[in-house]
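Keeping the supplied structure of chain Z fixed, place chain V upon it in accordance with the hints.
Number of protein chains: 2
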Amino acid sequence: MSKFYINKLAIVGLGLMGGSLARALKAQGSVGEVVATGRRAASLEKGLALGVIDAWTLDMKEAVANADVVVIATPTLIAEKVLAELAPLMTPSMIVTDVASVKGNMQRAAERVFGEVPANFVMGHPIAGSEQSGVEAATVDLFLDHRVILTPLSTTAEPAIALIQAMWEACGAEVVCMDVAEHDAVLAATSHLPHVLAYTLVDALAQNGSAADIFRFAAGGFRDFTRIASSDPTMWHDIALANKEAILQGIDDFSAHLDKVRAAIASGDGDTLYATFDRAKRARDEHFLGQYLSRQKKSPSS
Amino acid sequence: MSKFYINKLAIVGLGLMGGSLARALKAQGSVGEVVATGRRAASLEKGLALGVIDAWTLDMKEAVANADVVVIATPTLIAEKVLAELAPLMTPSMIVTDVASVKGNMQRAAERVFGEVPANFVMGHPIAGSEQSGVEAATVDLFLDHRVILTPLSTTAEPAIALIQAMWEACGAEVVCMDVAEHDAVLAATSHLPHVLAYTLVDALAQNGSAADIFRFAAGGFRDFTRIASSDPTMWHDIALANKEAILQGIDDFSAHLDKVRAAIASGDGDTLYATFDRAKRARDEHFLGQYLSRQKKSPSS
Chain Z
1 MSKFYINKLA IVGLGLMGGS LARALKAQGS VGEVVATGRR AASLEKGLAL
51 GVIDAWTLDM KEAVANADVV VIATPTLIAE KVLAELAPLM TPSMIVTDVA
101 SVKGNMQRAA ERVFGEVPAN FVMGHPIAGS EQSGVEAATV DLFLDHRVIL
151 TPLSTTAEPA IALIQAMWEA CGAEVVCMDV AEHDAVLAAT SHLPHVLAYT
201 LVDALAQNGS AADIFRFAAG GFRDFTRIAS SDPTMWHDIA LANKEAILQG
251 IDDFSAHLDK VRAAIASGDG DTLYATFDRA KRARDEHFLG QYLSRQKKSP
301 SS
Chain V
1 MSKFYINKLA IVGLGLMGGS LARALKAQGS VGEVVATGRR AASLEKGLAL
51 GVIDAWTLDM KEAVANADVV VIATPTLIAE KVLAELAPLM TPSMIVTDVA
101 SVKGNMQRAA ERVFGEVPAN FVMGHPIAGS EQSGVEAATV DLFLDHRVIL
151 TPLSTTAEPA IALIQAMWEA CGAEVVCMDV AEHDAVLAAT SHLPHVLAYT
201 LVDALAQNGS AADIFRFAAG GFRDFTRIAS SDPTMWHDIA LANKEAILQG
251 IDDFSAHLDK VRAAIASGDG DTLYATFDRA KRARDEHFLG QYLSRQKKSP
301 SS
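Taken in order, these protein sequences are the chains called Z and V.
Taking the numbering used here, the leading residue of the first sequence gets 1, the next gets one more, and so forth.
Taking the numbering used here, the leading residue of the second sequence gets 1, the next gets one more, and so forth.
So here's chain Z without its partners, still in its complex pose:
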């Protein structure tokens, strides 16, 4: 990685993701200047005050001028507008990437703006985050030991892919390449659907007449189960709409399965219930045992 260096990094939309990227690259000495732009001067000014960025401007043209790398880190549905603003400012030596959670939507947006996805636009998605948001939540190690999925097309330039890969690896992430549709299906299952379910459950309970008691007696299991329902509503509103088809499919698969479990409870079919719960436990333990054990060491009584 020693040859990897970004002279000027421009971040469009300075929040948890863009801020954490800036912090990590600065800590590694992998970046010269970090300039951020966006719609809200307050966030940008906060980023400057926290030392996350070196400068900010509300002017996109100024922000990206002479940038080696431009990272689009706005909410998903705003990214298309950003691409349109960026289009006339892009140069052949400028590499553009993004951090949006849905990639099919981003590909379609780029196709609408550019006709075809530019060779120096490398679509990406760091699988990291927090139920906190905003530049003030940015940390130097948000991406450390996390995966970053890149979804380059056959027309994406190899050197551009290599640079974006090196950028994330400098943050301590493991980079994996994946097909756009596969990315969106996998993320719908493991991230988008669980968020929808958690939001739905908490909102349903909050509207229950006994909501105060319900939350009062909620234990650690409920707290963990609903942690993702504390995530940024704007971001998840965007994701739910951007990855609509895959999420609807996920909801339908889940609902069909829940109907079967409901029928087993209603009819007292203990064998089906036990088999379902046991399969789920085995699947989860098989896939998470390593991570699970390391968490247990930290909180043995949780």
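Quick caveat, the hints were computed from the structure, so don't treat them as lab data.
No false leads were slipped in.
Chain V side only, calculated, beta carbon under 7 Å to chain Z, not exhaustive: (1) Thr-200; (2) Asp-213; (3) Ile-214; (4) Phe-215; (5) Arg-227; (6) Ile-228; (7) Ala-229; (8) Phe-254; (9) Gly-270; (10) Phe-277; (11) Ala-283; (12) Asp-285; (13) His-287.
C-beta atoms are modelled at their ideal positions from N, C-alpha and C, and glycine is treated no differently.
Using the frame of chain Z, we list chain V on its own:
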């Protein structure tokens, strides 16, 4: 609490709950002898080897002879059989309690066995646990700073309630009394329903053709969301059947809410989605902010 002391504690069903109770009471010097009984000699022998109990026997009569307190800590659906075995062995000076997660079922079982719930049977439910199970997972602090709900009836003896309350307070728990039906409704919402949903989601995903990829790219949010799906299938099979009506009601409320969210995604109704997600975030943050912040300090980048 200095006057509180149990000369002989009998535990029927030695697992995580009974074992942790024994460890906590021993650590506090609040108990003389702890004798356990159950169906599996191996678990009982393990408890003895680990120093959790002082003695064990497969003979219920021997186990409860001269016990001040008998704790029924078997899986929920076995408790009725235990009550039936215990009935001829109970003496007026013996106080019986249980730790089952469903109380209406336990009340009906006691009524079937005894005609009416005995005055010295104090139904209880510690809101503590872990996705681990078995006596080997028992810890001295499982109940520390957790709530224990007692659901005494109007016919339950006050001194019996006071002693069981003192027993749990000696373990560091906060004791709350609640109506049986209210307990079962609240626990269905905050614990039983989330477990059913988590098991259902993990099992649905495990049966997906892309299961390996799905689990491979699952991040921290998914791991937390599904942690409770690693819980003991036998225990949750029992709970799902024992609290059937309240859980079915919870599933139906949840499904109706999910249908609305699904419709909003399908029709691109961003306002409804944002309002739902935002209400959920506010409700959760309002109820959990204290606990949430203390967790965040431990793992800032999770």
